[in-house]
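Chemist: This is what each chain is made of:
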Amino acid sequence: MGKEAAIDEAIRKTLAGDREAFRVIVDTYGSRMIAFCRTRLASEEEARDAAQEVFIRAWSAISGFRLGESFASWLFAIAANHVRSRFRFRAFENRKMSAAAAEIAVLPPIDPSEEASESLRSEELRRAVAKLSSDLRGSVEFYYFAGLSISETATALKIGEEAVKSRLFRARKKLRLALESTQPGRASGGNLK
Amino acid sequence: MMNCAEALSLVDFWEAEGKFPESRLVDFRDHITSCGPCANRFGGMLQLIERDAGAVNALATSPSDKIADSLSSSVLRKLASTPRNRVWIPAVAAAAAAAIFVLGIGLGVLVGRGGQSDSISVSFVLDAPEAREVSLVGDFNQWSSGTNAMYRASPEKPWEIKVILPKGRMYVYNFVIDGKLWVDDPTASEKIDDGFGGKSSLLRL
Chain A
1 MGKEAAIDEA
11 IRKTLAGDRE
21 AFRVIVDTYG
31 SRMIAFCRTR
41 LASEEEARDA
51 AQEVFIRAWS
61 AISGFRLGES
71 FASWLFAIAA
81 NHVRSRFRFR
91 AFENRKMSAA
101 AAEIAVLPPI
111 DPSEEASESL
121 RSEELRRAVA
131 KLSSDLRGSV
141 EFYYFAGLSI
151 SETATALKIG
161 EEAVKSRLFR
171 ARKKLRLALE
181 STQPGRASGG
191 NLK
Chain B
1 MMNCAEALSL
11 VDFWEAEGKF
21 PESRLVDFRD
31 HITSCGPCAN
41 RFGGMLQLIE
51 RDAGAVNALA
61 TSPSDKIADS
71 LSSSVLRKLA
81 STPRNRVWIP
91 AVAAAAAAAI
101 FVLGIGLGVL
111 VGRGGQSDSI
121 SVSFVLDAPE
131 AREVSLVGDF
141 NQWSSGTNAM
151 YRASPEKPWE
161 IKVILPKGRM
171 YVYNFVIDGK
181 LWVDDPTASE
191 KIDDGFGGKS
201 SLLRL
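Taken in order, these protein sequences are the chains called A and B. To convert, note that position 161 of the first sequence is 161 in this note's numbering; the numbers rise steadily by one, no gaps. To convert, note that position 23 of the second sequence is 23 in this note's numbering; the numbers rise steadily by one, no gaps.
The following block holds chain A by itself, in its conformation from the complex (with noise of 0.2 Å):
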């Protein structure tokens, strides 16, 4: 059995009530959810906790998933709301008015001395995508941590495949433009070969 048609039966199952499908389910999707939930979350302990918590709101609201439609857009749209509460609930508390200026702010600082590390790559890219206006930010993090195709992501944002493509290019020019310019050697130019 393929693999997309091992998820499909998994659904199927699913929405007989079999608890061991669903495990098919978080174990496809689960280390996309924490990435994605990872992108506006403080920790990757917070991030486990959030994905934890919208597949159990998934489970319980699965019986309204339509088989035939993207069930990628339908989990990580539920992923979207969930986050999206959990980061309000977060400017709440710490009495942000700015909800970008709150999650910026979360952010651990970035340790000079680790720069050339991966995990530190994926931290400077984590920070970029959050300087993104909100309409480009939602499109890179469904299309590239979730990794939704165009079509889910359009489905799960609800707009046409046009504005996500578009949505996409803005965001990769911004994106490089501020990549490239927080690397060290780039402020003086470095010999290209």
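Worth flagging that the hints you see were computed from the coordinates, not collected in a lab. Careful, some of the hints might be misleading.
[Said to hold, decoys possible] A short, non-exhaustive set of chain B residues, derived as facing chain A with CB atoms under 7 Å:
no.: 1; residue: 44
no.: 2; residue: 53
no.: 3; residue: 59
no.: 4; residue: 71
no.: 5; residue: 72
no.: 6; residue: 75
no.: 7; residue: 76
no.: 8; residue: 77
no.: 9; residue: 79
no.: 10; residue: 143
no.: 11; residue: 147
no.: 12; residue: 164
no.: 13; residue: 193
The beta-carbon is built from N, C-alpha and C at its ideal position, and this holds for glycine as well.
Start from chain A and add chain B according to the hints.
Modeler: Frame of chain A, contents of chain B only:
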């Protein structure tokens, strides 16, 4: 061996098209590993490029294996005590969503007298005849959609709820339709960005 000009050309193509030839990905990685200036310049974009080259399904910012591996076990344990919800939640469909947005008409916020002198009774009203359930979320209820479920007297009537709120503050709120669609109050005079391309409404008391 790829040179810097080729690497730059590929990144320019990726930026414009959102595509990167998978057949050139290994050479590109090798180049930025051995070339300091290109590593500095393009390293931060490598994860995005790998996704668009089709080398990975999602970014390599994924969590550690230890954290991801334990997720399904902990979810399955929780499910044992989690009931299945029989409330209808719509599948994601642009047409259905658009209909609800069009029909979701905010009828305004009615401010009355509260039981305490420093508080005010506020009625939130939304006309959304297609909705199966509507809740009010805001900074006054920690953005929890389970706290302030709205009600309607009949399917033809608008959804409404009264909330007692302290005076002298500004509140941010949204309506959540069918547990899924966040909408702002169309009648609110002030709105702010909600962080996902939508809006939240402001209420000053």
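Chemist: Run every hint past the structure and note whether it holds.
Modeler: Going through the hints against the structure:
no. : hint : result
1   : 44   : 3 Å, holds
2   : 53   : 12 Å, violated
3   : 59   : 5 Å, holds
4   : 71   : 4 Å, holds
5   : 72   : 4 Å, holds
6   : 75   : 5 Å, holds
7   : 76   : 6 Å, holds
8   : 77   : 10 Å, violated
9   : 79   : 5 Å, holds
10  : 143  : 4 Å, holds
11  : 147  : 11 Å, violated
12  : 164  : 18 Å, violated
13  : 193  : 5 Å, holds
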